[in-house]
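Q: Going by the UniProt record's numbering, the residue at position 90 of the sequence shown is 90; the numbering climbs one at a time, nothing skipped.
Hints listed in this document are in silico derivations from the structure and should not be mistaken for laboratory results.
Positions of the beta carbon are idealized from the N, C-alpha and C atoms, including for glycine.
Take the hints with a grain of salt, since some may be wrong.
What the hints assert, rightly or not - Simulated restraints, written as ranges between beta carbons of each label pair:
| # | residue 1 | residue 2 | range |
| --- | --- | --- | --- |
| 1 | 108 | 241 | 32 to 42 angstroms |
| 2 | 87 | 242 | 15 to 25 angstroms |
| 3 | 62 | 189 | 16 to 26 angstroms |
| 4 | 232 | 76 | 37 to 47 angstroms |
| 5 | 115 | 225 | 38 to 48 angstroms |
| 6 | 5 | 95 | 35 to 45 angstroms |
| 7 | 241 | 122 | 40 to 50 angstroms |
| 8 | 27 | 80 | 18 to 28 angstroms |
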Amino acid sequence: MISIRNISKSFNGHKVLDGVSVDIEDGEVVALIGPSGTGKSTFLRSINLLEHPDTGELEIDGKTYDLAHASKDETLEIRRSTAMVFQQFNLLRNRTALQNVMEGLTVVKHVPKAQARERALRELRNVGLEEWSDHYPQHLSGGQQQRVAIARALSMDPRLLLLDEPTSALDPERVNEVQRTIAVAAAAGNTMLLVSHEMGFVRSIASRVIFLEDGRIVEQGSPEEIFGNPHTDRLRDFLSSFERYGVDHSDSGILTNTAWQAQEARRKEHEREDFALEAV
Numbered sequence: 001m002i003s004i005r006n007i008s009k010s011f012n013g014h015k016v017l018d019g020v021s022v023d024i025e026d027g028e029v030v031a032l033i034g035p036s037g038t039g040k041s042t043f044l045r046s047i048n049l050l051e052h053p054d055t056g057e058l059e060i061d062g063k064t065y066d067l068a069h070a071s072k073d074e075t076l077e078i079r080r081s082t083a084m085v086f087q088q089f090n091l092l093r094n095r096t097a098l099q100n101v102m103e104g105l106t107v108v109k110h111v112p113k114a115q116a117r118e119r120a121l122r123e124l125r126n127v128g129l130e131e132w133s134d135h136y137p138q139h140l141s142g143g144q145q146q147r148v149a150i151a152r153a154l155s156m157d158p159r160l161l162l163l164d165e166p167t168s169a170l171d172p173e174r175v176n177e178v179q180r181t182i183a184v185a186a187a188a189g190n191t192m193l194l195v196s197h198e199m200g201f202v203r204s205i206a207s208r209v210i211f212l213e214d215g216r217i218v219e220q221g222s223p224e225e226i227f228g229n230p231h232t233d234r235l236r237d238f239l240s241s242f243e244r245y246g247v248d249h250s251d252s253g254i255l256t257n258t259a260w261q262a263q264e265a266r267r268k269e270h271e272r273e274d275f276a277l278e279a280v
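All chains should be built: construct the whole structure from the sequences, respecting the hints.
A: In structure tokens form, the structure reads like this:
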């Protein structure tokens with residue numbers, strides 16, 4: 001189990017997180033939902049110490065870290081145990097897809113180059129991008145770049161994978177390929193903490209859903225409980241806002257295997273055509 005306890009964070013006197021605590025079982029996928037600006041991304045960034053919280057503890061494998069006062073060595077330990085997938089991909093522009101995935105293996109974990117290359121190729125293969133391994137980010141679609149970012153994160157064998165709205169920066173037609181990649185990673189037993197506004201996707205992938213507002217947990221439960229039988233008026237209002245905009249949060253949001261295979265074939269053909277045009 002991974003325990004995250006009493007995370008608080010203020011910016012300019014405004015409390016963004018107010019004592020948020022979450023326990024995550026191994027292999028569990030926990031999704032954070034809630035209005036924009038309610039502290040979801042800050043919560044993820046505080047766990048990974050991209051933001052330094054005012055208070056908070058993280059317990060992984062029996063070791064407890066004081067997140068507000070973590071030393072440099074402890075920060076490195078935490079970042080070796082957690083991996084972050086960002087909204088904007090955050091790939092190195094002067095590195096190929098393969099080199100981006102290899103970077104953490106060689107620099108952070110000091111894996112020998114040949115071994116790192118083999119592992120990176122395997123992760124790219126798992127996300128359907130082995131044939132694009134020698135391409136630079138500027139020659140990849142947004143969906144492809146995010147899949148490279150996911151491959152990079154998974155290559156580090158994190159105890160906890162943090163995903164901060166991984167599809168929010170994508171064109172609608174690229175969203176499903178990234179969602180499918182995340183679903184495959186979840187099915188493989190990876191422990192995840194996911195922030196998303198894609199309610200159908202959350203319902204289909206999460207084992208537990210947490211509704212966060214004003215820096216506090218308002219309600220949590222299984223997807224069936226949260227989406228099918230919300231207990232608080234505030235959660236009901238939040239979910240109804242998606243329905244008003246024509247979003248059906250009861251839909252799984254993920255294509256069936258047959259539909260996915262057909263889409264993948266079309267996508268790869270379009271990618272080859274796009275690359276051929278760029279090369280002209």
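Q: All hints, please: hold or fail.
A: How the hints compare with the structure:
no.: 1; hint: 108 to 241: 32 to 42 angstroms; verdict: holds, 41 angstroms
no.: 2; hint: 87 to 242: 15 to 25 angstroms; verdict: holds, 19 angstroms
no.: 3; hint: 62 to 189: 16 to 26 angstroms; verdict: holds, 20 angstroms
no.: 4; hint: 232 to 76: 37 to 47 angstroms; verdict: holds, 40 angstroms
no.: 5; hint: 115 to 225: 38 to 48 angstroms; verdict: holds, 44 angstroms
no.: 6; hint: 5 to 95: 35 to 45 angstroms; verdict: holds, 37 angstroms
no.: 7; hint: 241 to 122: 40 to 50 angstroms; verdict: holds, 41 angstroms
no.: 8; hint: 27 to 80: 18 to 28 angstroms; verdict: holds, 20 angstroms
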